[in-house]
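Number of protein chains: 2
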Amino acid sequence: MIIDCHGHYTTAPRQLEQWRDRQIASLTDPAQAPAVADLKITDDELRQSIADNQLKKMQERGIDLTIFSPRASFMAHHIGTFETSATWAGICNELCYRVSRLFPDHFAGAAMLPQSPGVDPRTCIPELERCVTEYGFVAVNLNLDPSGGHWTSPPLSDRHWYPIYEKLVEHRIPAMIHASTSCNPCFHTLGAHYLNADTTAFMQCLTSDLFKDFPTLRFVIPHGGGAVPFHWGRFRGLAQQLDKPPLRDHLLNNIFFDTCIYHQPGIDLLARVIPVDNILFASEMIGAVRGIDPETGHPFDDTRRYIDASPVLDRAGRDKIFESNARRVYPRLDEALAARGR
Amino acid sequence: MIIDCHGHYTTAPRQLEQWRDRQIASLTDPAQAPAVADLKITDDELRQSIADNQLKKMQERGIDLTIFSPRASFMAHHIGTFETSATWAGICNELCYRVSRLFPDHFAGAAMLPQSPGVDPRTCIPELERCVTEYGFVAVNLNLDPSGGHWTSPPLSDRHWYPIYEKLVEHRIPAMIHASTSCNPCFHTLGAHYLNADTTAFMQCLTSDLFKDFPTLRFVIPHGGGAVPFHWGRFRGLAQQLDKPPLRDHLLNNIFFDTCIYHQPGIDLLARVIPVDNILFASEMIGAVRGIDPETGHPFDDTRRYIDASPVLDRAGRDKIFESNARRVYPRLDEALAARGR
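One line per chain: the protein sequences are A and B, in this order.
Under my numbering, think of the first position of the first sequence as 1, with each following residue one higher.
Under my numbering, think of the first position of the second sequence as 1, with each following residue one higher.
A few of these clues could be false.
Because identical chains share one entry, a pair is satisfied inside a single copy or across any pair of copies.
Below, computed lysine-lysine pairings styled on BS3-like, alpha-carbon distance capped at 30 Å [what the hints assert, rightly or not]:
1) 56 to 244
2) 56 to 212
3) 212 to 40
4) 57 to 244
5) 167 to 56
6) 244 to 40
7) 57 to 212
8) 57 to 167
Because the hints were derived from the structure by calculation, they are not lab data.
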């Protein structure tokens with residue numbers, strides 16, 4: 001079985017974006033404020049938006065199941081107030097839930113949180129709990145920079161975030177640390193901000209003792225961990241200089257890297273330096289990079305090919321990356337699969 | 001001949017830091033303002049600070065010459081006003097100049113600029129010209145984020161920076177795009193901010209047509225290009241999606257990556273995906289990571305070992321990385337060497 005731990009609903013029917021545009025317009029012109037009930041998307045529309053897109057490619061590529069969350073760049077937590085984000089997160093999470101009900105063999109939900117810059121993360125807990133207990137979601141996405149590229153929140157090691165971590169631990173769900181759209185012109189969202197956020201998240205953990213306080217907390221760092229595996233020697237050296245334990249003991253019981261790296265040499269490096277137990281298969285399909293690589297004739301984001309072709313991995317390693325690591329890192333997914341005899 | 005294009009004067013005599021502390025204190029208490037003449041460092045002190053440190057390690061490692069600039073983390077352009085930075089840059093550049101005169105076979109100077117957040121970069125030109133024409137410096141370091149982690153400047157592609165680029169082109173010197181200390185608690189300077197800045201710089205160039213306006217401008221992106229080579233497929237795919245030419249045509253006549261990557265697999269990946277003509281040897285010694293790698297028994301930052309050992313490189317490739325690329329990217333260095341019969 002092949003589990004992709006990183007997919008977003010990037011292909012939702014157009015009504016969703018139109019509703020969001022009205023919500024954003026209402027921030028300056030309250031007369032335009034849409035009601036949640038104004039958004040009407042039928043099951044057939046949802047089904048088609050998935051069957052023609054993600055599911056089609058999953059079947060072409062042999063991916064069985066995707067952990068599926070709202071479109072990352074559309075979270076845009078910097079827009080409006082907590083109430084803006086709360087309404088928007090509620091809508092987006094419900095759509096992912098409906099997808100997971102329409103295609104229960106192929107999608108498991110992960111939640112976006114109604115974060116808002118400067119607002120206590122505790123306010124996200126009701127939505128988090130609703131997604132886990134009512135929707136059966138198996139993870140959340142946590143945005144370490146809800147300001148959208150202005151970096152005004154405390155580091156992930158700060159007690160600011162602890163109420164969220166307590167809930168993650170209680171419900172045994174991991175957080176993928178995933179930024180959203182950059183509204184800072186310095187940072188291209190897909191080519192700079194996401195990768196910077198990944199590197200930053202890892203270093204915030206490295207300099208702290210967060211996982212002493214939360215030994216069972218699990219973070220998934222997407223996009224192959226940003227710059228981290230490429231600079232693994234630098235990070236090992238910095239940890240040593242900062243009198244931290246070796247990274248394996250200090251962080252690798254709690255941090256996992258996905259395989260959203262869109263060329264063979266990158267995947268090979270990941271597999272060479274990061275223990276295979278800490279690598280989770282993912283493609284972020286349909287996402288940041290949608291074209292065909294002229295050097296291979298295959299889609300850039302068909303990451304399964306790189307893993308299949310990597311000389312660094314053996315059969316047992318691939319099995320871990322494709323399935324068993326995900327079942328360990330996402331125990332609620334494992335239980336849901338087991339309940340369906342998988 | 002082996003040229004290290006990335007060294008900072010991290011071992012300057014203590015008087016320098018003490019002078020800077022007084023300068024910083026004077027920002028709130030002008031009575032403490034030190035005069036430039038208050039800083040007294042003898043040639044013997046300079047000589048010893050180099051001979052016992054950088055030069056010793058260069059000789060141990062077989063590095064002939066280092067392009068040497070003021071300590072990157074001490075540039076701290078976010079502190080004080082333009083005048084603060086101007087005085088400080090003047091002092092730091094002069095020390096590097098004196099080092100280059102004391103050890104003319106082993107050090108060539110590169111300037112820090114007196115940048116200050118929100119101040120027109122044009123104000124940096126007098127110091128830039130002084131360093132080139134009076135000191136014989138062969139490059140500058142350009143900080144794309146003088147705010148120190150708040151990212152308040154326009155992207156490198158913005159006309160804001162063009163006056164600097166005109167001077168770089170006129171004097172035929174490259175800019176190493178190098179951030180300084182982060183004063184944003186989100187970003188560890190060495191483990192996040194520098195690498196993020198590298199990735200960000202590359203993407204700012206990718207999304208623009210900067211090098212159409214400046215076809216002979218050359219940027220060196222340090223620390224192996226941050227996350228860029230590891231995600232080379234992502235960047236190739238994003239360029240394609242943004243209707244930009246292939247990266248080789250779009251950016252690689254102008255952008256070069258150094259080899260400050262502190263483990264073998266990272267250097268191997270760099271050499272595998274980046275054309276050898278775009279790689280410059282560097283170690284940033286004595287810099288970010290000073291320890292011994294327990295996995296190899298050698299210093300993390302002894303990057304020559306990784307290049308010598310890389311199965312991806314042949315003799316001709318190593319010669320380019322160690323010497324001839326640097327002589328091409330830093331033509332004023334080449335001329336200075338040729339004048340000395342090297």
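#### Entry: Ascending list of hint numbers which this structure does not respect
Result: hints 2, 3, 5, 6, 7 and 8 break, sorted rising.
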